Structure formats: structure tokens, C-alpha cells
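Enquirer: Listed below, chain by chain, are the residues.
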Amino acid sequence: MAKLSRINLQSSQLLERSAEGTYAPETVAWAQLEPGNFEVRYGFVDASPLRLALRKMNVGFKGEASVPKEKSVIGILADPRTRARWFGAKMDARSIFSSPARVELATSGAGSFYTISIDRHSIARDFARSPDALTLLDDLQQERLSHDPLLASRLRRLLHRSFSISHAPPRRSVSGTLIPLLASAIDRGEERVVESSKCLNRRLTAVRRCETYMRENVDATLTLLDLSQVSGMRSRSLINAFEAVTGYSPMDYLKRIRLNGVHRALQRAHRDAIRIIDVATDWGFWHMGHFTTDYRTMFGETPSQTLLR
Amino acid sequence: MPLFEVIQPFRARLYRGPARTVYPKGAKAGFLQFWDKSPARLRVTIYVGVNIPLYAARIGESHRLADGVSYPALLNRIMEFTIRAALARSVDECEWEQDELRRRGLDAIQIFRDGKAIWADSAAFEHELTEARRERVEQRFRDANEADPALYLRLDDDLRARWRAAGYETPSLASDMKKIFAELERDAAERAEVARQSLIGELLREQPAKPS
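So the sequences go chain by chain: E and P.
Position 308 of the first sequence, counting from 1, maps to 308 under our numbering, and the rest follow consecutively.
Position 81 of the second sequence, counting from 1, maps to 81 under our numbering, and the rest follow consecutively.
Pulled out of the complex, with its shape left as it was, chain E reads as follows (with noise of 0.2 Å):
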């Protein structure tokens, strides 16, 4: 009998660390969206071709990566309570989505997720004789969210198991289970669920062109009109889609773009090195008083103490 006893997961308030081995670390770009003190845990199980990673974060985030080539990826919620959009398409307990080049998610509280990263060109040599493997590769060509409730909880079951046992699932357990549920999963799912929807996909690529040009412009007086503007949308329509896509309203989202990218500059720089007064101003912040008080808020410390750590 397998010897049951949870795998140690690492710990990193930085969410490309935990992208290792599944997303191209350096394509990373995450924000931290609700107040708290923003950790990542994380684990690994090498059940090759295939590579399991279970990953909880603690308070809500949205995060974009991508897939390294030749690789693609497939992601349940580990906790099916999670509240989270794919693409700003909502996933639920059934949903089982798959990427061959990117992936978005956003979470709303906290939330955990596993994912299961699949070379392709080590499947298509290691198991050429296996159907099931070839309908895989086949589906994996493409975007897919599928929402089967009996095969989300066989696959996440399947998934917590192997996050239970101290050592990687024999290679018999994954031929023999894990790429034939893969298949039947991402066969059944909805081919490019985003470009099927007209409306969230014209609220996506509306609420994609506010977040280049947020980012563009991060240090200007931007408002409501200019994203309007930018993005082609009447202001109730594009805060609509913002609320849809990433459940707050284009300035309040604003505003925790900026604060993550004070909190991710004055974790990276030297203390000696940076000024808390000039970050925040090339961030977008005029009153360091309300900066400072929006900052413990999020982050559950000042900006000194951040930069001090």
C-alpha cells in the first residue's frame, strides 16, 4: 500500500517561483488584487511526460503566462470552492480548461489550483501506440474549458492522490488513468471557449487594451474617459466588462496594478538604492499620505518595511 503522507510544499510570496517547470518563468506578469499579505505554496510530483504541480494562493490574484514550446497545459481547481476566471470565462468545480500557449486566471479570495504540464513531443514518442494519447495531443492544439462534473472530480481526485503519496505515481498509473481521463476530458471541452463568446471576448480584448495602456501609462492622471477611449467602449460598458473580467472596476483595478507594482519594485531593489518617494511617484501616486495607508492596506505593511525586508 502506497505510503499516504502530504508532500511538502514550498513557500514564496512570489508567484513566478512557483511557475517553474510548467510556465516560462521569465513571461510571468501576476498582481496581487485583494489586502494581505500575498503567499504562494507550492509542489511538484514528476510523473514524466507529465509534470503535476499543485499551487494555493491565499488572497485573490490575476496572472498571465505562458507555455513553454512544445509543452502545454491543463488545469482544474484543487479546491473546488476557488472562484476563478480562465480567459475571464468563470470556472467552477466542473471545469477542467486546457492551453497550448497561454494561460490567464484570476481569483477572487483565496484559491488553489493543479496543473498538469504535458510535453507533447515526449508523449508523441513514449506513447505512440496509445490512442487515448494521440486524441490528447490532438486536443491540446487548441483552447479548451470543459465543464464535466464526473470527470473534473475523478481527475482532481486522481490529482489529490498523487499529491498524497510521498513519491511520483508509477508510470503504469499515468498511462494507464491520467491520459486516457485527459483525453475524455479536453475532448469534450469547448474548442477556443473564449472567441465562442462575442461578448466576452469583445470585453476581454476591451479590458486587455485598458491593461497595456494602464501599464503604458502607469506614472500619468489617467481616467475613466481615456480607457474609454483606448478601448472603444462606452465608460458603463467597459466598467461592466472590467467587473465581468476581473471582478473590479477599471480604476479601483487601476489602482491595485499600481500599488503591486510599487510592492514588486521595493521588493526587488536594495535599500540603498531606491527611494520609496520616487517609486511611488513613477507609479502613479501624488499623495504619499493616501499611498502609504493603501499600501498597509494591501500588503500589511509600509513601504518602508517592505523595502527594508
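Please keep in mind that the hints were generated in silico from the structure rather than gathered at the bench.
Note that the coordinates shown come from a computational prediction; the quantities given were computed from them, not determined experimentally.
The reader is advised that the hints may include incorrect statements.
[Unchecked claim] Simulated restraints, written as ranges between beta carbons of each label pair: (1) R81(E) x E190(P): 38 to 48 Å; (2) K178(P) x R81(E): 27 to 37 Å; (3) R81(E) x D92(P): 27 to 37 Å; (4) R142(P) x Q305(E): 18 to 28 Å; (5) H160(E) x R134(P): 40 to 50 Å; (6) A161(P) x R81(E): 47 to 57 Å; (7) G21(E) x Q139(P): 44 to 54 Å; (8) E93(P) x H270(E): 43 to 53 Å; (9) S122(P) x R94(E): 47 to 57 Å; (10) T130(P) x E39(E): 25 to 35 Å; (11) R103(P) x R94(E): 31 to 41 Å; (12) Q305(E) x P171(P): 29 to 39 Å; (13) L203(P) x R81(E): 51 to 61 Å; (14) D92(E) x A192(P): 36 to 46 Å.
[Unchecked claim] The following residues of chain P were derived to be distant from chain E, with all beta-carbon distances above 12 Å: (15) L153; (16) T170; (17) K178; (18) G201; (19) E202; (20) Q207.
[Stated by the list, open to error] Quick look at which bits of chain E chain P covers, simulated, 3 or more residues with Cβ under 8 Å: (21) 214-223; (22) 241-254.
In this text, a Cβ means the ideal position worked out from N, Cα and C, and glycines have one as well.
Once you have looked at the hints, place chain P on chain E.
Expert: This is chain P only, laid out in the frame that chain E set:
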């Protein structure tokens, strides 16, 4: 460069007396005094120029409530913004800045006086000042920041007095404005209902009694 508001001669006459009586509340001592001798009446009129503090107010990093206005004008702007916000909310058209004011009250408003950010939390100010000192930017920090918790208390008192004069009794507006918003929204809804009923009545009255 200090900003001056020159009080016109007729105002100087109106407030003749010790110079301090003509200064608006919060103004610093007279910086400019022009003596205008009128030979016909042998009278001296004093033109008094005082540098009154000028305020700017923002919500978030983007929404300007006021820019370069006197204290009474600042009160007007905050009241106006509050009313507009409550009306927008009553028709579900509320923007984030407006809702921020409702949720956080005066805490949501960033106030600048003569270009300096006013801090409501003295302890936080001292803490960041210490950090600025360590970073050797103390003077720059002081040039752009000032701790004055009393200003926020004064704003709260004065705004409540104005709301009272307008017929609204409200608790402190310092940490939220939910009560005043609720009352304004209710009044707006009632007036809208009256206007709707009145329009219906008016349109029906215009119909001929018998079909032609």
C-alpha cells in the same frame, strides 16, 4: 512662490479694523500692503493681499474634485461631488470614485494644501519622514507633505454643519458617508417618483375627453 488673493478696496473698507479681521480663516499674516492715498478725502485705503491657503482634492489618482481653491470652495466642491455621487448611485450609474467616497468618507479624499499632501495620520507621517531622512530626501519630503489631522476634523465638522443647514443630520463623515448617501438617494428617488407621476398626470390631462 506664494499665491495671493488681493482683497479689493471696497472689501478693505467693509472690514476696516485691525488687519487680522479681514483675513480669511487660515490665511497667513499680510504679505502685501498697498497704501492708496486719496488727496480729495485725505483718507487712506488699505489694499490687503494675503496668501490664503489653496486646496486641491482628489479621489483615487485620477479624479479631481478641486484644484487651487479656497477652503470654502473646497467644501462646496466636496458637497457637490457627494450630491452627484448619490444621484448617480440612485440610478445605478455610480463610478468607482463616487462609491469610494460613500465607502470611505473623507478618508477617500486626498487633500493638498499649497501643493503639499496633507496627512491625516501623524504617526504614519513621522514614520515615513524618518525613512525619508534615512534616504536623505527629508527636505523634498517636507516640501511635498505635511501632517495635519486637524484639517480632516475641521472638514468633517464644517461639512456636517453645511449638511445640517441643508436639512440633513449626519454622523461623522470621516470614515464613511453611507448615511448621507442613503438619505440623498431616498430623496432623489422620491422626487423622481413625483416627477414621473406628474408627467403621467400631465400627459393624461392633455388627452381629449371623448375620442374624435
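Enquirer: Run every hint past the structure and note whether it holds.
Expert: Okay, the hints, checked on the actual structure:
1. Checked against the given bound of 38 to 48 Å, the beta carbons of R81(E) and E190(P), roughly 42 Å apart, stay inside it.
2. Between K178(P) and R81(E) the C-beta distance comes to about 30 Å, which sits within the given range of 27 to 37 Å.
3. Judged by the Cβ atoms, the range 27 to 37 Å given for R81(E) and D92(P) holds: they are separated by roughly 30 Å.
4. Range check, R142(P) to Q305(E): Cβ separation about 22 Å, and the 18 to 28 Å hint holds.
5. At roughly 49 Å, the beta carbons of H160(E) and R134(P) sit within the given window of 40 to 50 Å.
6. At about 49 Å, the CB distance of A161(P) to R81(E) agrees with the hint of 47 to 57 Å.
7. Checked against the hint of 44 to 54 Å, the pair G21(E) and Q139(P) passes, with Cβ atoms roughly 50 Å apart.
8. Distance hint for E93(P) and H270(E): a CB-CB separation of about 47 Å, consistent with the stated range 43 to 53 Å.
9. Here the CB-CB span from S122(P) to R94(E) is close to 53 Å, well matched to the stated 47 to 57 Å.
10. Between T130(P) and E39(E) the CB atoms are about 28 Å apart, so this pair conforms to the stated range of 25 to 35 Å.
11. Distance hint check for R103(P) and R94(E): the Cβ-Cβ separation is about 35 Å, which falls inside the suggested range of 31 to 41 Å.
12. At roughly 34 Å, the beta carbons of Q305(E) and P171(P) sit within the given window of 29 to 39 Å.
13. Taking 51 to 61 Å as the suggested C-beta distance range, the pair L203(P) and R81(E) conforms, at roughly 53 Å.
14. The hint said 36 to 46 Å for the Cβ distance between D92(E) and A192(P), and at roughly 39 Å that hint holds.
15. The Cβ of L153(P) sits about 15 Å from the closest Cβ of chain E, beyond the 12 Å cut-off, so the non-interface label holds.
16. T170(P), annotated as away from the interface, keeps every beta carbon of chain E farther than 12 Å; the closest lies near 23 Å.
17. The non-interface label for K178(P) is consistent with chain E: the shortest C-beta to C-beta separation is roughly 18 Å, beyond 12 Å.
18. Distance to chain E confirms G201(P) as a non-interface residue, since its nearest Cβ pair spans about 31 Å, more than 12 Å.
19. In this structure E202(P) is separated from chain E by more than 12 Å, as the shortest Cβ-Cβ distance comes to about 30 Å.
20. With a least CB separation of 36 Å from chain E, Q207(P) remains clear of the 12 Å interface cut-off, as annotated.
21. Check result for the segment 214-223 of chain E against chain P: holds, 3 residues qualifying (beta carbon to beta carbon below 8 Å, three or more required).
22. Beta-carbon proximity to chain P at under 8 Å applies to 5 residues in the segment 241-254 of chain E; the threshold of 3 is reached and the given coverage holds.
Taken one by one, the earlier hints all hold for this structure without exception.
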